[in-house]
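Chemist: Below, each chain spelled out in residue letters.
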Amino acid sequence: MMPSVRHDRRSGATPALSANLQESRLIAGLLIAVALGYLGLFLVVPVIAVFAKALAKGVATYWAVISDPMAWASIRLTVIAAAIAVPLNTVFGLAASWAIAKFDFPGKNVLLTVIDLPFSVSPVISGMMFVLLFGAQGLFGGWLITHDIKIIFAVPGIVLATVFVTFPFVARELIPLMQAQGNDEEEAARTLGAGGWQIFFRVTLPNVKWGLLYGVIMCNARAMGEFGAVSVVSGHIRGLTNTMPLHVEILYNEYQFASAFGVASLLTLLALVTLASRRAIEWRATAEGVRQQPRQTQKEDR
Amino acid sequence: MSIEVRHISKRFGEFVALADINLTISTGELVALLGPSGSGKTTLLRVIAGLESPDRGSVSVEGQDITGSNVRDRRVGFVFQHYALFRQMTVFENIAFGLRVRPRRQRPAARDIRDKVHKLLTLVRLEQMAERYPAQLSGGQRQRVALARALAVEPKILLLDEPFGALDAKVRQELRRWLRRLHDDIGITSVFVTHDQEEALELADRVVVMREGRIEQVGKPEEVYEDPATPFVYDFLGHVNVFHGRVEEGALQFGAFSLELPPEDLPDTTAAVAYARPHLLDIDHQPTERPQFRATIEYLNTAGPLVKVELATETGSVVHVEVSQERYRQLGLRKGDEVFVGVKDMRVFPQHHNGVRQGKPV
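In order, the protein sequences belong to chains A and B. Under my numbering, the first residue of the first sequence is numbered 1, with each subsequent residue one higher. Under my numbering, the first residue of the second sequence is numbered 1001, with each subsequent residue one higher.
Be a bit skeptical, because a hint or two may be false.
[Claimed, not checked] Per label pair, the in silico range of CB-to-CB distance: (1) A/G182 to B/H1118: 25 to 35 angstroms; (2) B/G1165 to A/V110: 31 to 41 angstroms; (3) B/S1037 to A/V110: 29 to 39 angstroms; (4) A/W283 to B/L1300: 54 to 64 angstroms; (5) B/E1222 to A/W197: 28 to 38 angstroms; (6) B/H1007 to A/G195: 29 to 39 angstroms; (7) B/R1114 to A/G182: 51 to 61 angstroms.
[Unchecked claim] Facing chain A, according to a computed beta carbon distance under 7 angstroms, are these residues of chain B, among others: (8) L1051; (9) G1068; (10) R1072.
For the record, the hints were derived by calculation from the structure and aren't laboratory data. Computed from a prediction, not measured in an experiment: that's the story for all the values here. We treat Cβ as the ideally placed atom computed from N, Cα and C, and that holds for glycine.
Next up, chain A with everything else stripped away, as it sits in the complex:
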């Protein structure tokens, strides 16, 4: 094989070479077809199906489904939970990754491991942990009842569960990025007379802004889409403690398919917006020539 290729190259004509290329092109085409087919079957078709089902009875029905008070209540609760969980975890994620990437301190590995906990625990278990803590029979249950504070089967429980489950997203995005960037620019800023907050807002934050935004968007997607943990602590009180995913489930179980898929289509829309923003961020970050952070959340070996 090799001698013939070499010979062809020397003579100018390259039939053997192009035959090789043709073959690899064929394989590439085949692989692409398989990948696209797979994606279509398992991702695109279901998404289209959701919208098709939601709009099956016409736009008027769709509108009625979405503007239903119970649906609205679930949307509002979902937005509230995300509006609390995302900023909290953004601040926490920034603080944790700043501490982990820029400083050495005892307990650093423990912190790294604990940050990953919500990723490794099943969301249902996460929900149950809060029931164990704050439920009527739980650790703080008696105290909460005597002070008439409701956490489980109420909005605070849903917010807590959402915060817990979305805890790692921002930190996980920023830690590898900050570690790769090192400490040099911060040190340079310090020698130039900048204070801690000046360094943070003028140097550190601009350097990680795309990674941060990326983490926030992923955090938000999860906060709005979370089902398991929230389901355990919610109690499914319609109009009060139902988030959108929970509301979809209830409607579905009641065979109200049009309504179920109507609300589901909103969540699907959120997913599509998330994907689009992700692409936009990656595109912007690359255009700016900023080093992209590794996509996977990798295990730290430090």
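Keeping the supplied structure of chain A fixed, place chain B upon it in accordance with the hints.
Modeler: Leaving out everything else, chain B in the frame of chain A:
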């Protein structure tokens, strides 16, 4: 402004980075901290800057103890090895940074900042680059931006960590001379770290040779080169031939050749090491007055101002000699020639030397 370092020690865990360092740098001097990696030179620089705090000892600038003071109050210009430019800012904003972060009352007006930055851009010859981002600059340009940024805050002293380490050879040469001229123009007390002996010898007023957290020798470039205090300094500064031998009856015995030593120098049967730079050895076809040994020419490199000759002694060890092109032609040297290698100058140290100055010229 003068810098005084007194009894500075610093450990990282078990690793001793600095062990009781004492050093005085006078106003306007350009001093090189020279040593291999792990010698503590960068740590010393960072201690002076306040980026590391020493375990013991003190640092003073212009007689004022600054050991406990914060980096941001020290007014120290620091140029980082990899420049550490702010990647999200333009060249202009990088240089203006130190002025913009000042407390409102001390902050210059916007126009003054602009004038100052443009003056610095002219100084580092980057007038056209003000709106570029660091990623759009070459290594040498980034280095000059880093320097301008450090100078913008009108530092009392300028510290440079391996300033030319990441540049290619030609740019390094140019920038080196440019930095020397710049230093002479603005006269700021400067300390730079390098592991490149040539750089240290060419650029610095004084060279501080460091090894394993200690100072081996401090001196003018010609002093440390011509008159090294320890075998380490000899070894580290330039090429050197090492001869292992033994002192017997007041002479160093090295295979077939012996070297008369001054009588009181080393006791008999001391294992000794002799050092000779390639240009301090000479080649002859006949025996001469000088101490000599026989060797065979193995390899000749005639490119450059000096001819580099590699020879093998009778015991098989390799010796490097440098002779002038003129001398090379006069001798008509060829590969395989059996010649005499004469010693013009050589320095003998006892074998287990521990840093105390004992070597004497022979």
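Chemist: Okay, B/H1007 versus A/G195 on CB: inside 29 to 39 angstroms?
Modeler: At roughly 31 angstroms between Cβ atoms, A/G195 and B/H1007 fall inside 29 to 39 angstroms, so the hint holds.
Chemist: Verify the CB-CB distance for B/E1222 and A/W197 against the hinted window 28 to 38 angstroms.
Modeler: violated (50 angstroms)
Chemist: How does the Cβ-Cβ distance of A/G182 and B/H1118 compare with 25 to 35 angstroms: does it lie in that range?
Modeler: With Cβ atoms ~30 angstroms apart, the hint holds.
Chemist: At the C-beta level, are B/G1165 and A/V110 separated by a distance inside 31 to 41 angstroms?
Modeler: holds (37 angstroms)
Chemist: Taking 51 to 61 angstroms as the hint, is the beta-carbon distance of B/R1114 and A/G182 inside that range?
Modeler: violated (31 angstroms)
Chemist: Is 54 to 64 angstroms respected by the C-beta to C-beta distance linking A/W283 and B/L1300?
Modeler: Cβ of A/W283 to Cβ of B/L1300: about 60 angstroms, so the range 54 to 64 angstroms holds.
Chemist: Checking hints one by one. Is B/L1051 an interface residue toward chain A, by the C-beta closer than 7 angstroms rule?
Modeler: holds (6 angstroms)
Chemist: Please check whether B/S1037 and A/V110 have a Cβ separation lying inside 29 to 39 angstroms.
Modeler: holds (33 angstroms)
Chemist: Would the hint on B/G1068 be counted as holding, given a Cβ-Cβ threshold of 7 angstroms to chain A?
Modeler: violated (16 angstroms)
Chemist: At a threshold of 7 angstroms, is the proposed contact between B/R1072 and chain A supported by beta-carbon distances?
Modeler: Constraint on B/R1072 satisfied, holds at 5 angstroms.
This entry does not satisfy hints 5, 7, 9, going by the numbered hints stated previously.
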